[in-house]
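Chemist: Its first residue numbered 0, the sequence shown is counted upward by one per residue in numbering that gives the first Met the number 0.
None of these hints come from the bench; they were simulated from the model. Yeah, the Cβ is synthetic: ideal placement off N, Cα and C, and Gly gets one too.
Calculated pairs, DSSO-like style, for lysine-lysine (alpha carbon to alpha carbon, straight line, at most 30 Å):
1) K368 x K287
2) K132 x K368
3) K14 x K36
4) K337 x K248
5) K369 x K10
6) K248 x K221
7) K287 x K341
8) K56 x K14
9) K350 x K302
10) K337 x K302
11) K198 x K332
12) K368 x K350
13) K368 x K36
14) K79 x K221
15) K36 x K15
16) K341 x K368
17) K369 x K353
18) K14 x K89
19) K350 x K369
20) K341 x K301
21) K161 x K132
22) K36 x K287
The following label-pair restraints were derived from C-beta to C-beta distances:
23) D47 x N359: 45 to 51 Å
24) K15 x S204: 40 to 46 Å
25) R173 x V261: 16 to 22 Å
26) K10 x K337: 42 to 48 Å
27) T119 x R234: 15 to 21 Å
28) G115 x P7: 16 to 22 Å
29) L61 x H141: 41 to 47 Å
30) D178 x E50: 18 to 24 Å
31) N156 x S323: 23 to 29 Å
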Amino acid sequence: MYRRQIEPILKDLTKKIVFIVGPRQVGKTWLALEIGKQFKNTAYLNYDSFEDRQIIKNESWLQSTELLILDELHKMPGWKNYLKGVYDTKPKNLKILVTGSARLDVFRQAGDSLAGRFFTHRLMPFSISELQKEPISSDIEHFIQRGGFPEPFLSNNEIDAKRWRNQYADGLIRTDILDFERIHDFRTIQTVFGLLRRKVGTPVSYASIAEDVNASPTTIIKYIQILETLYIIFRITPHSRNIARSILKEPKIYFFDNGLVVGDNGAKFENFIALSLLKHVFGSNDYKGENFELKYLRTKDKKEVDFCLTNNNQIVEVIEAKVSDSNLSQNLKYFCEKYRLKGIQMVKEMKREKTVGGINILKADTYLKKLFL
0 MYRRQIEPIL
10 KDLTKKIVFI
20 VGPRQVGKTW
30 LALEIGKQFK
40 NTAYLNYDSF
50 EDRQIIKNES
60 WLQSTELLIL
70 DELHKMPGWK
80 NYLKGVYDTK
90 PKNLKILVTG
100 SARLDVFRQA
110 GDSLAGRFFT
120 HRLMPFSISE
130 LQKEPISSDI
140 EHFIQRGGFP
150 EPFLSNNEID
160 AKRWRNQYAD
170 GLIRTDILDF
180 ERIHDFRTIQ
190 TVFGLLRRKV
200 GTPVSYASIA
210 EDVNASPTTI
220 IKYIQILETL
230 YIIFRITPHS
240 RNIARSILKE
250 PKIYFFDNGL
260 VVGDNGAKFE
270 NFIALSLLKH
280 VFGSNDYKGE
290 NFELKYLRTK
300 DKKEVDFCLT
310 NNNQIVEVIE
320 AKVSDSNLSQ
330 NLKYFCEKYR
340 LKGIQMVKEM
350 KREKTVGGIN
360 ILKADTYLKK
370 LFL
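With these hints in hand, go ahead and build the complete structure from the sequences.
Modeler: Below, the structure written as structure tokens:
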């Protein structure tokens, strides 16, 4: 696998501070250290280490340092002002790279002490486009079952991958979430997490979940926002020219770790496609300055298409994901014909690609390998 972010990060380091954010155990520290190999003198300091913490507080890294990597810096009280001070007084040749959990991305939005001083790079799980060979159907199946997180994806056996996932899921709930915010009802957020794993790809009613777990809809929304903030899940909302109305409509929820999805092959495949498209959106926005969003389409009479890509709130492409049905989706046909949209139907298992009524019906790997990231 090859991480395409290395070159753009190296370029951005010559201009500003670089933040690498993303899910837990997605490879942020590994990527930072790989980038560090490009410099003659790199200092890697982890705020979790007592010794490193003293060096950070005293700013006592070697004067010859060319790249300063600060890991878990968000755990330092007043870290934003500290980082601003380091950046504003640093030697001209010093580059600064900051990594950490998704919380770094949250905290950077509060206050403007670092305004104009950083670029953000969102590191996501591996994707088909990062394979260093031509993808085949077994590659897609591997992504669907293992997910794209480095350790389970690269593991030599399924048992080790499952053991990793059990520990990962437990760590998300018991460590990341409870560290992030005081949760009085631990069992409720655990139950919500479990319910969402079984609702992938279906519009989610906050009121319905609230009734299932005997909590208020406000509490459910808060818990879902926490899961989203920590890069555990992501929501996509129906496309609407009225953005406020779109946000109020029922979202669909997907997981950053495909292995956390509980359901049939259809749900797991749809989650994999959603994550691949989201990664493409992030890459296009972070590196090309675009304004892409991932949405879905749904009418009042419940005609629905899995995904649509928008740029500046204008639909670029509508996309349907199917495991094995290569017959043209009637809902996809409806939207494409009525609104003159470009449509793609991605199929995991099919023998021959075709075009029907101007809509391309493609093998999933044909489409996915062309995505930006």
